[in-house]
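With chain A's structure known, arrange chain B on it following the hints.
Protein chains in written order, with the numbering used here: chain A, 1 to 415; chain B, 1 to 415.
If you're looking for bench data, these hints aren't it; they were derived computationally from the structure.
Here the structure is a predicted model, which is why all the values come from computation and not from measurement.
Check the hints yourself; a few may be wrong.
One copy or two, it doesn't matter: identical chains are merged, so the pair holds either way.
[To be verified] Cut-off 25 Å, straight-line C-alpha distance, at most; resulting in silico cross-link-like pairs (DMTMM-like, lysine to aspartate or glutamate):
1) Lys269 - Asp308
2) Lys120 - Glu200
3) Lys121 - Glu200
4) Lys121 - Glu195
5) Lys120 - Asp79
6) Lys120 - Glu50
7) Lys120 - Glu195
8) Lys364 - Glu330
9) Lys364 - Glu106
10) Lys120 - Asp204
11) Lys121 - Asp204
12) Lys364 - Glu396
2 protein chains.
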Amino acid sequence: VNQAPIPAEILAIGDELTQGWNTDTNSSEIARELLAVGIAGSRITIVGDERAQIAAAFTEASRRAQVIVATGGLGPTEDDITREGAADALGAGQQFHAELWDRIVERFRARGRAIPESNKKQAFLPVGASRIPNANGTAPGFTFELNGAVIFVLPGVPVEMRAMLANFVLPQLRERFPGAARYHRNVVKCFGSSEAAIGEAIADLMARGADPIVGITVSRVTSTISIVSANEAAAARVAGEVAARLGPVVYSRRDEPIEQAVAQLLLSKNATIAVAESCTGGLAAAFLASVPGVSAVLKEGFVTYSNDAKIARLGVSPELLASHGAVSEECARAMAEGAREAAGADVGVGITGIAGPGGGTREKPVGLVFIAIALAAETRAARYNFAGLERNLLREIAARQALDQVRRAILGLPA
Amino acid sequence: VNQAPIPAEILAIGDELTQGWNTDTNSSEIARELLAVGIAGSRITIVGDERAQIAAAFTEASRRAQVIVATGGLGPTEDDITREGAADALGAGQQFHAELWDRIVERFRARGRAIPESNKKQAFLPVGASRIPNANGTAPGFTFELNGAVIFVLPGVPVEMRAMLANFVLPQLRERFPGAARYHRNVVKCFGSSEAAIGEAIADLMARGADPIVGITVSRVTSTISIVSANEAAAARVAGEVAARLGPVVYSRRDEPIEQAVAQLLLSKNATIAVAESCTGGLAAAFLASVPGVSAVLKEGFVTYSNDAKIARLGVSPELLASHGAVSEECARAMAEGAREAAGADVGVGITGIAGPGGGTREKPVGLVFIAIALAAETRAARYNFAGLERNLLREIAARQALDQVRRAILGLPA
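The following block holds chain A by itself, in its conformation from the complex (with noise of 0.2 Å):
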């Protein structure tokens, strides 16, 4: 079954995106998507919410490939216009579905909402397409079939889109092309180490042509490591080889963030948690809450932004503030162990820094962050220099660092 993959495009539509107003992120999970289940994106093309030029781009791409999956251009406003678009490449009219407004009505009658008139809109598709349910919005899809490809089109919306292409379109693809090379993802995040870094020790396996496919994406400072191959076995052989490589700076073998597999970490230790921040200003406490089931260990959160806070919240001395300032190692110890006593958890952490743009000195720059967790048998602390990064992005580094430091405080790995 090691045959050639099925020739795909991908099509994305809206002038938000030609016009460059947004980026365009649906295409590209499209396309890893699609070589999971054996179909090899080819080429995705982009075009404004021009009638004739989406018309043009389904009935070119149908000429190409086999399989065409399309996003955006299903809302119910003027400017949405892919079911027009996709009508005319199949040189059809539009047909209202009463079954598709009812879902609608209902939709709005939920959540106790008047139906805006336009989104009777929704309710219609192309003549000889038949409707993709959409559990999260209330654009319906459709697929149909041109010059021998099949089409598959999705709202833009990436929830919407991502719930859709899983729960229909893969499914669809598995059924049709059942003989196609099913491709095998393993993946292996790290977070905090450079890709020239990871590159580097991983580059004999990288090399071009090699079966598995290694290839490296990071973002935010966590980098996956991808290992595809049609052959299941060799995916998951070079994936432990990488991760065994690699050490440390692994954090999970799953494609997950960092406050996931830190969660589970806590969970499955039936460890506790109580975060103190001061810069990243609730962030950490709120990346471990986007795990469903974290409420059984994440105890507390303190936002302590003033002095104040951190004296009255978390018992950090008004003579430690003055001597060593809010922004100090000591300031970030005497948090965690001031979060892990007043919540009387397993695990307290402290962050504490200057997120810039000002309040910079030259004693204690923009970027300079302290890192404290405090275990019942010792507080750790460790000194970051994150100069250079725009607040937010420092921000939200500085809060997976923190939980990257809680993993390493368990594992008992290095800080």
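Same frame as chain A, but now just chain B:
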């Protein structure tokens, strides 16, 4: 000068893009820069590192557009094949440029590095193309004409692409199309209104072919209405009309998230705030903390997941929790008032709800959220039904909804 914009296309090249390992961010950046000089991107095409595909993409685009900007595939390795594709589109061969080679040699020498033989490739350009200097890397770009279109080919590395676009491509385009209409963009931002409702209110302004062009994009309950025109006064006038029609759902006339508008409002009124969060887990505080300078008004955040923390930190009474439960309007009010009092702030916020996926009951289903805002004079509360939203989308929307309620409370608008 109010002529139609010059049609342009963007071409991004790389297997890592078509296979989805990387998201193409160059194209949207190029599109925005082009629009500012009156060149409107109408299509973005992404193809892999396949010589024939690249040649075809150049040829097709040159038949539709007057300007083409391409990025990617100019590196020294085997798979970088954009030069060959461009030469094929021109029906030409490649030519060695001694002065390019000298520059590459010089660049390596300056860093004390040996020159890999493979870099010689970068000293070749298609016959008929002229070079675009690259101050930040070894890969020169090049420009040529095809079917009457002017084509610029730049490297895919963002920092190299960006500099060459600014220093070479945009000046050339300004010179070549001196009469091109420069576009001005105004923005109206709304929170909590559906795309359909907004579309209905401004349908006449969104009519196709209208000047200014009015378009809506919605992301996570925040709507962005873009009003774009070569006529600066017209864009501003229509933006004012849009804002007037939409009324209190408009939180800003700048392209900023609601937390920024609310932080500015608090700073302008010198009103301090404290936030008590259950289901949002620190996210509302973190959103506020994303705004530089907010420390002057953000006194404190309380992430009170447990009943114990609600009682200890916010003074919520055990009786209230026993009779109404933690997810109740009463509890949200007590949290808002408790946060305001404990922190000594002017505004207190209380958020409590069921984010799911577990924890729902028949009376209190997943998606039920109560938000209260405590001011000196009164405490306001509202109930929301966010059923059907994924846990973290729900948390994000609930946190921003609370900030919108802060805005409304301070401005005396209805909840």
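Provide an ascending list of the numbers of those earlier hints which the structure does not satisfy. Of the numbered hints given earlier, the structure breaks none, since each of them holds.
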